[in-house]
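Going down the list, the sequences are from chains A and B. The working numbering applies: residue 230 is where the first sequence begins, and numbers increase by one. The working numbering applies: residue 118 is where the second sequence begins, and numbers increase by one.
Rather than coming from a laboratory, the hints here were simulated on the basis of the structure. Mixed in with the good hints there might be a few duds.
What the hints assert, rightly or not - Interface residues of chain B toward chain A, partial, derived using beta-carbon atoms under 10 angstroms:
1. 155
2. 193
3. 244
4. 248
5. 255
6. 258
7. 268
8. 312
9. 315
10. 316
Said to hold, decoys possible - Every beta carbon over 10 angstroms from chain A, so not counted as near; a handful from chain B, in silico:
11. 121
12. 163
13. 284
14. 339
Note that the structure is predicted; figures quoted are calculated from it, not measured. Note that beta-carbon positions come from the ideal geometry of N, C-alpha and C, so glycine has one too.
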Amino acid sequence: MLMPKRGLRMRSGLWLIGVVLGLVGGWLMTTGESSPRQLVRASEAALRRPAGAPQLLAREPLPALMDGPMCEWTPASAEETLLAALQERQAAREASLESSRALDRTVDRSDLRPVRAIKDPYAAYSSVAVDPKNNEVVMTDENLFQILVYDRTANTPPTAKMTEPKRIISGENTKIEFQCGLYIDPESGDIYAVNNDTVDTLVIFSRQAKGNVPADRELRTPHGTFGIAVDEDAQEMFLTTQHDNTVTVFKKLAKGEEAPVRLLQGNQTRLADPHGLAIDTKNQLMFVTNHGSYHQKVVGGQASITYVGGLASTAAAGKANWPIGTQEPGSGQYLSPSITIYPLKASGDTPPLRVITGPKTQMNWPTGLAADVERGELYVANDMGDSILVFDVTANGDVAPKRVLKGPKTMLKNPTGLWLDHQNGELWAANFGNHTATVYKIGASGDTAPLRMIRSGPLEEPALGIGNPHPVAYDSKREEILVPN
Amino acid sequence: MHSIVYDEINDEYTVPQPFAQALLTFRGGASGEEAPIRIIQGPHTELAEPDRLAVDNINNEIYVPLDLDKKILVFPRGVGGDVAPIRVLKGPDTTIGAEAVAIDTVHNLLVATGVGDDGLKLRIFNRTASGNTKPLRLIGGKNSRFGRLGGPIAVYSPKGWIIATVRGPGALASEEAFMGIWSVMDDGDVPPRWTIGGPKGVFRMPRGVAIDAKNKSIIASDKRLNSVLTFYFPEAF
Numbered sequence: 230m231l232m233p234k235r236g237l238r239m240r241s242g243l244w245l246i247g248v249v250l251g252l253v254g255g256w257l258m259t260t261g262e263s264s265p266r267q268l269v270r271a272s273e274a275a276l277r278r279p280a281g282a283p284q285l286l287a288r289e290p291l292p293a294l295m296d297g298p299m300c301e302w303t304p305a306s307a308e309e310t311l312l313a314a315l316q317e318r319q320a321a322r323e324a325s326l327e328s329s330r331a332l333d334r335t336v337d338r339s340d341l342r343p344v345r346a347i348k349d350p351y352a353a354y355s356s357v358a359v360d361p362k363n364n365e366v367v368m369t370d371e372n373l374f375q376i377l378v379y380d381r382t383a384n385t386p387p388t389a390k391m392t393e394p395k396r397i398i399s400g401e402n403t404k405i406e407f408q409c410g411l412y413i414d415p416e417s418g419d420i421y422a423v424n425n426d427t428v429d430t431l432v433i434f435s436r437q438a439k440g441n442v443p444a445d446r447e448l449r450t451p452h453g454t455f456g457i458a459v460d461e462d463a464q465e466m467f468l469t470t471q472h473d474n475t476v477t478v479f480k481k482l483a484k485g486e487e488a489p490v491r492l493l494q495g496n497q498t499r500l501a502d503p504h505g506l507a508i509d510t511k512n513q514l515m516f517v518t519n520h521g522s523y524h525q526k527v528v529g530g531q532a533s534i535t536y537v538g539g540l541a542s543t544a545a546a547g548k549a550n551w552p553i554g555t556q557e558p559g560s561g562q563y564l565s566p567s568i569t570i571y572p573l574k575a576s577g578d579t580p581p582l583r584v585i586t587g588p589k590t591q592m593n594w595p596t597g598l599a600a601d602v603e604r605g606e607l608y609v610a611n612d613m614g615d616s617i618l619v620f621d622v623t624a625n626g627d628v629a630p631k632r633v634l635k636g637p638k639t640m641l642k643n644p645t646g647l648w649l650d651h652q653n654g655e656l657w658a659a660n661f662g663n664h665t666a667t668v669y670k671i672g673a674s675g676d677t678a679p680l681r682m683i684r685s686g687p688l689e690e691p692a693l694g695i696g697n698p699h700p701v702a703y704d705s706k707r708e709e710i711l712v713p714n
Numbered sequence: 118m119h120s121i122v123y124d125e126i127n128d129e130y131t132v133p134q135p136f137a138q139a140l141l142t143f144r145g146g147a148s149g150e151e152a153p154i155r156i157i158q159g160p161h162t163e164l165a166e167p168d169r170l171a172v173d174n175i176n177n178e179i180y181v182p183l184d185l186d187k188k189i190l191v192f193p194r195g196v197g198g199d200v201a202p203i204r205v206l207k208g209p210d211t212t213i214g215a216e217a218v219a220i221d222t223v224h225n226l227l228v229a230t231g232v233g234d235d236g237l238k239l240r241i242f243n244r245t246a247s248g249n250t251k252p253l254r255l256i257g258g259k260n261s262r263f264g265r266l267g268g269p270i271a272v273y274s275p276k277g278w279i280i281a282t283v284r285g286p287g288a289l290a291s292e293e294a295f296m297g298i299w300s301v302m303d304d305g306d307v308p309p310r311w312t313i314g315g316p317k318g319v320f321r322m323p324r325g326v327a328i329d330a331k332n333k334s335i336i337a338s339d340k341r342l343n344s345v346l347t348f349y350f351p352e353a354f
């Protein structure tokens, strides 16, 4: 007997629903969604028919992770509650810090390497001196902490990366660091090299010295020594000190803790951040370049502190002719850059005989200084002016230089040291700003190319000008690092 | 020059000038021969050999530690001329050593360091402490490893981290040098949370530090390397 068609369709539909339910149940079981309640819900969902309106198909509780302070509802008016929550969080943080401290454990990241390092790989010449007897030129390098010796006539070819020095003195044993002044003993060739404000020690090397060797002689100097000149007749050595506004005079062969023989310091001297130093033994005069930052000292104040191994030391306090260190509070001023001229044997609070200063002089951080006694001229390495200024030794007041060496052909860039080689009639400049030392005829003027040039690096490589980077700051707006020297 | 602080709110930076006893503020981006926009200098300032400083650009103050006088002068930010300090932190109870100072603007604290009556320590004060006020907390001692300060310190205010370099025992350089991070909540002879770049790391004579929070980096100078190093250190941020 045949089934009626309508009954057959109904039986087929029921069969199909059963298959679907079985499949759903099987899926749920294999995926872990196998609780009876869930299966019932799935079945109900499978049997639900469209109702023409939204229907609740399922409901799942939120996971426990979502409960907690982050999502805890607080009423809009609950400022105190928010504050309490913040304080509670702070307390929790502090408790966490306490617990880590209690573990007495420091996370050691001593092996962490920087992702970037700013460093100039080439020597930066800061001062220069010629040894005419041995036909050599000596330079201090304030970047890599070296004394470099070259043939006097060396001339770096344009295509060469650099000129190799014939001798290098460098290394921690030498105590060479940020050096800014040089003198060569004309007889022995001994090299007198002035450390500035990171090592309060003058180091003297024989001309045989090379490598990482201790100095043949050392002398404790006041803090911030810069320029040097030597009176061979009197066997005296003159040093400027920036921090205490002095010219301090030692015996030329002084060593160790030997005291100075004379001190020029005082509020009448007009010394204001003194740098370069030159002497005229024929006319018994002393010349000093000053950048202009000035303060007064307390008369009878405490002796200037020196630093030994980085630690402040008052050991020099009892020495004769040691600078006073105590500043008079609130006495600071900015004076114009200047050259101050004194009697060669001036001491104490002696005012200058003459002062060359003013806008006509063009001085801008006047640094290295040399005197040509025969010609009656003063040569100034004009750091921020990228020039060498030449004045009459008798100049006074606001006077223009009689000659200026300046311009792109000169290759002068932040010259900080200079030297007059009278024997060969040449003028040397140590350029801190472009890895070069440049040589000119004495008397050169205007935009004149050098006769020769010694380079420590490629011309196209920038000189970073980093010398004793101490503080740093980060300019977040420009994404730049600020590095004062 | 032993200090520089960039103020990102006002786009300025400030440096102390010890030879002329002045605080110089330049506009951010200043270059060449550009003059400062403000100078604090003069008899009323009490400045004598100002060597370091901190700038608080939230409360608009400049803090100048004077180590020889064992005091900290506080000036208003944004003014120039012969201005007197608005606060002076000084006195035997402070036990202060005033080589360097930094401000935590979130926790409202002043962190000063230097060799004081009880040795070299990090001393934490309320930011507005004045006169002869005791520190809230001191960090120092053998376990703290805080010794022979390298240079200016920094504070990362959101986390209260104090970042300072320790130069080690050498005269010119030391393998024991490192950069350490302590917390403003630390008290006593507690070790740093992190030591970075040493001991026996890259540092030879580290000096100042600066924070680049956006890039989760700490920048430090090193005198003996004559260079400036950037460390990526997200752990501190």
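Results of checking the hints against the structure:
no.: 1; hint: 155; in the structure: violated, 14 angstroms
no.: 2; hint: 193; in the structure: violated, 17 angstroms
no.: 3; hint: 244; in the structure: violated, 17 angstroms
no.: 4; hint: 248; in the structure: violated, 18 angstroms
no.: 5; hint: 255; in the structure: violated, 15 angstroms
no.: 6; hint: 258; in the structure: violated, 13 angstroms
no.: 7; hint: 268; in the structure: holds, 6 angstroms
no.: 8; hint: 312; in the structure: holds, 6 angstroms
no.: 9; hint: 315; in the structure: holds, 5 angstroms
no.: 10; hint: 316; in the structure: holds, 6 angstroms
no.: 11; hint: 121; in the structure: violated, 4 angstroms
no.: 12; hint: 163; in the structure: violated, 5 angstroms
no.: 13; hint: 284; in the structure: violated, 6 angstroms
no.: 14; hint: 339; in the structure: violated, 8 angstroms
Hint compliance for this structure: hints 1, 2, 3, 4, 5, 6, 11, 12, 13 and 14 are not met, and every other hint is.
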